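A.B. asks: Sequence:
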Amino acid sequence: MAAGEAAREVAAPRLTAVFNIQGSEMIFLLLVALVILGPEKLPEAVRKFAKTYAEFKKMANGFQGEFRQALDEPMREFRETANAVRDAAKFDIDGITSPSATPEPAPTPGSTAVSE
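For the sequence shown, our numbering assigns the number 1 to the initial residue and increments by one for each residue that follows.
FYI, nobody ran anything at the bench for these hints, they're computed from the structure.
Just so you know, not all the hints are guaranteed correct.
[What the hints assert, rightly or not] Computed Cβ-Cβ distance ranges for the label pairs, DEER-style:
(1) Met59 <-> Met26: 18 to 26 Å
(2) Phe63 <-> Val32: 28 to 36 Å
(3) Ala50 <-> Ser24: 16 to 24 Å
(4) Leu42 <-> Arg76: 43 to 51 Å
[Unchecked claim] With a cut-off of at most 35 Å between alpha-carbon atoms, the simulated DSBU-like pairs for lysine-lysine come out as follows:
(5) Lys41 <-> Lys58
(6) Lys41 <-> Lys57
(7) Lys58 <-> Lys48
(8) Lys51 <-> Lys41
All figures in this text were calculated on a predicted structure; none of them were measured in a lab.
All residues carry an ideal CB built from backbone N, CA and C; glycine is no exception.
Could you build the full structure based on these sequences and the hints that come with them?
C.D. replies: Here you go:
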């Protein structure tokens, strides 16, 4: 495998991680931005976008952290309750004896079983 191919394999997942955009789509968007903004304004626009994206990502990660922290205690209690129910059900199943391997013979139609 050539060094260029290895670099592409490493870079490809990184490009698709940004807004789920493929590498070729990203290049197309950059070319469109170059035509619209021009070569003078494009570097500043890319820097501004990168800064805004980094702030957005930081805010989203903070929100996820707070959300996980808020749900941590209720989820732990739920898991403990579910484990207790599962253990109780397992205990009840273990207490049930399995039927014997040899079935009892059925009464024949000619015989009458009278219990006194």
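A.B. asks: Next step is simple, just say for each hint if it's right about the structure.
C.D. replies: Structure-based check of all given hints:
In this structure the hint that Met59 and Met26 lie 18 to 26 Å apart at CB holds, the actual value being about 23 Å. Taken as a hint, the range 28 to 36 Å holds for the pair Phe63 and Val32, whose Cβ atoms sit roughly 31 Å apart. Roughly 20 Å separates the CB atoms of Ala50 and Ser24, a value that falls within the hinted 16 to 24 Å. For Leu42 paired with Arg76, a C-beta distance near 50 Å keeps the hint of 43 to 51 Å intact.
Only pairs whose Cα atoms come within 35 Å are accepted, and Lys41 paired with Lys58 is accepted, the gap being roughly 26 Å. Distance hint between Lys41 and Lys57 is fulfilled; the C-alpha atoms sit about 24 Å from each other, no more than 35 Å. Pair hint Lys58 plus Lys48 holds up; C-alpha atoms about 15 Å apart against a cutoff of 35 Å. Taking the CA atoms of Lys51 and Lys41, the gap is about 16 Å. The hint holds against a cut of 35 Å.
Of the numbered hints given earlier, the model fails none.
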